[in-house]
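Working from the sequences, and respecting the hints, build out all of it.
Protein chains: 2
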Amino acid sequence: MNYINGGVCAPKGFTASGISCGIRKPGKKDLALIVSQKTASTAAVYTKNLVKGAPIIVTQQHLTNGYSRAIIANSGNANTCNDNGIEIAEGMCKLVEEYTGIPSEDVLVASTGVIGQKLSLEPIANGMPALLMGLGNNSDDAATAIMTTDTVKKELALEFTLDGKTVKMGAIAKGSGMIHPDMATMLVFVTTDADISPDMLIQALNLSVLDSFNMISVDRDTSTNDTMIVMANGMAGNKTISEEGPDFDSFCAALSDLSLTLSRAIAKDGEGATKLLECRVSGAKDKETARLVAKSVICSPLFKCAMFGADANWGRVLCAIGYSGAEVDITKIAVSFSSEAGEIKVCENGGGIDFSEEKAKQVLSCDEIIIDISLGDWQAFATAFGCDLTYDYVKINGDYRS
Amino acid sequence: MNYINGGVCAPKGFTASGISCGIRKPGKKDLALIVSQKTASTAAVYTKNLVKGAPIIVTQQHLTNGYSRAIIANSGNANTCNDNGIEIAEGMCKLVEEYTGIPSEDVLVASTGVIGQKLSLEPIANGMPALLMGLGNNSDDAATAIMTTDTVKKELALEFTLDGKTVKMGAIAKGSGMIHPDMATMLVFVTTDADISPDMLIQALNLSVLDSFNMISVDRDTSTNDTMIVMANGMAGNKTISEEGPDFDSFCAALSDLSLTLSRAIAKDGEGATKLLECRVSGAKDKETARLVAKSVICSPLFKCAMFGADANWGRVLCAIGYSGAEVDITKIAVSFSSEAGEIKVCENGGGIDFSEEKAKQVLSCDEIIIDISLGDWQAFATAFGCDLTYDYVKINGDYRS
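Protein chains in written order, with this note's numbering: chain A, 381 to 782; chain B, 381 to 782.
Derived from the structure by calculation, the hints contain no laboratory data. Incorrect hints may have been included.
Copies of the same chain are indistinguishable here, so a pair counts whether it falls within one copy or spans any two.
With a straight-line cut-off of 25 Å between C-alpha atoms, the simulated DSS-like cross-links for lysine-lysine are [as the list claims (entries may be wrong)]: (1) LYS474 <-> LYS775; (2) LYS392 <-> LYS775; (3) LYS739 <-> LYS775; (4) LYS405 <-> LYS741; (5) LYS725 <-> LYS545; (6) LYS428 <-> LYS498; (7) LYS418 <-> LYS408; (8) LYS667 <-> LYS741.
This one's a predicted model, so the numbers in the text were calculated from it and none came from an experiment.
Shown next, in the form of structure tokens:
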């Protein structure tokens, strides 16, 4: 498996575009389009928030047959909690039909931004000619157009082999705040030229999010508009994957790898974050226990603040394990922190051990921190991704709407 | 029911003391003692965190018979996650026995502060003479000695009538960070001269925390050392409350009132907080639904940041309702904000309505904000208490340990 350039345009038959149409302030790209040359098997997962953005409702309707050809997405407005939301989301799909000839039922739609402000079709309609003109090898523009408070563009692609054929997979994603594991989080659009049936594609997607997008949290706020879509147009020419087996496994491995890399990128670029926190839990009696513990630690505001301050306050790790809801034997827990500056053990058998505060400070002053937690004698493990809690998170969210 | 002065020393037969013994930096009081002249019916509730401070284990053992005579408490060290924790907590009780003659089994103990650093008995032993000398009408000193990051001392007392007799009830409390509803939170010590059996006292306590201490959250971090203790020494001379009835109801009303007032005080003094948030949910189909919704809203970091910025970002309220886990009909939700500057409606039928941003800013710039959420046609209601999320929360917790 090799990482390559090109983002969502790396796989055969996909083009993309991203422009500024005026939903956001002038000059900030806010409208993206991804188009597949051929109809693509498509699978999606959505937020479990009861309050769902109108685009999600429309995308679900358009995906009932398991196929699609295009995704249109905007930033700057979530089109959520508005009485005309469905109409607007449908309108965005119809605009794509009008300009491309792709039936609006084959168009998926996503929006991200402020909740509860009406979205006007006008800037989008006005922007359509430029959006269409931009269609090409422009994954970059599309990735930029879906960014909100993201400071880093999230885009990647990889290639691998299936049935002797080279298969490519690319993705763009946005996500920085309102990130909490519960189904796929954020907006993630994945394209691939692999040939795979819609049934197997949704299976692969469900598997891939388990250890990636469902294991990240920036702030425990599960968004109303989270959507992850995978489009597979079959143009790589491999034998259609329509059942489990080695080809399906290879496909899943690629999708999981891509998802994990994006998850880390999203956690690291959490609103205001200065550090990626990677919590690896091992020795759990089952997977669910490991997941509960790992998520609880990376979600603890007190622990997140301690990491911001590079303070080896492992008591807060134990505290978060204790209220995680997982059944664990506290007296068997060991904790260590590591980073490129080295590793330092801080807790054994549920209690403190002597360690060098100076060394701990060095370890915790790097920008990627691993928290290793061993729960005892069992076998199951899980990893969760988060970030520190900083002044800038408060600043960004104290006046996001205005 | 009248509020009076005197804190935990207001009821007959209680004395208190608070000194600086050297666990914390010189001059900061860190050791408190409350003593009842007579053996008191005693009830307590504790954190549900699986990681429990050693003082909780010892207090539970000493309370198996439902009676006690004294509480010793320290700040600056939680005596949690230490292999000698039980020994130290027992040692604190034995020191009280040594200096007062009260059997150590009748002494309860509580600690608050950093987790995972060994607590030495030495400063406590050295401080005992001064602690005993200080015993008197000194609720104030005891209240000060249990404060950690609290900026405001929490102490109050009230009087009411039971069986024709004037009964008094007083309390001190600490709590500012690591506050999340799950059983009583923080340290709260209540004294009363009411005569009530241990059985009825624990019933009253369980009732009183439901709508008060279990409905506050500062940061979703459930502490390892939360303890609320009520001591009732019977010196008011009322007929012993040993069953349900009007006297029990009066007692519960007083305890609930006191608990609610302290809960508001603790939420308002949340670490770094500039505003008390009071979320009142009505029209829920049952109490549990109302509680889930109210708690979810006051716990949302994004909403808490918006309140810090006085931004009427009601979309974040809807988002938090949506992921609360409660079954609600989103299309029936109405939201308004109010404060001493007036009231402003921002959402009806689950969608936005026009409102004056200028007025909203005025309403949200006060230091006590009420968020009213109506869920529709049902009857149940609940209120939760929280605070805004500010730069200072990050500052305080970025280097608490050092």
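Practice prompt. Since the copies are identical, ignore which copy is meant and state whether LYS418 and LYS408 lie within 25 Å (CA to CA) inside a copy, between copies, both or neither.
Written response: neither (30 Å within a copy, 73 Å between copies)
Item to complete: Give the relationship of LYS428 and LYS498 under a CA distance limit of 25 Å: within one copy only, between copies only, both, or neither.
Response: within (23 Å within a copy, 44 Å between copies)
Worksheet entry | 25 Å Cα threshold - placement of LYS741 relative to LYS667 | neither (32 Å within a copy, 47 Å between copies)
Worksheet entry | Status of LYS775 relative to LYS474 across identical chains (alpha carbons, at most 25 Å) | neither (38 Å within a copy, 50 Å between copies)
Practice prompt. State whether the alpha carbon distance between LYS405 and LYS741 is at most 25 Å within one copy, between copies, both, or neither.
Written response: between (41 Å within a copy, 23 Å between copies)
Fill in: Intra/inter-copy verdict for LYS739 and LYS775 if alpha-carbon distance must be at most 25 Å
between (31 Å within a copy, 22 Å between copies)
Practice prompt. At 25 Å max between alpha carbons, let me know whether LYS725 reaches LYS545 within a copy, between copies, both or neither.
Written response: Result: close neither inside a copy nor across copies, 47 Å intra and 60 Å inter.
Worksheet item: Are the CA atoms of LYS392 and LYS775 at most 25 Å apart within a copy, between copies, both, or neither?
Response: neither (42 Å within a copy, 50 Å between copies)
Checked against the numbered hints above, the structure violates hints 1, 2, 5, 7 and 8; every other hint is satisfied.
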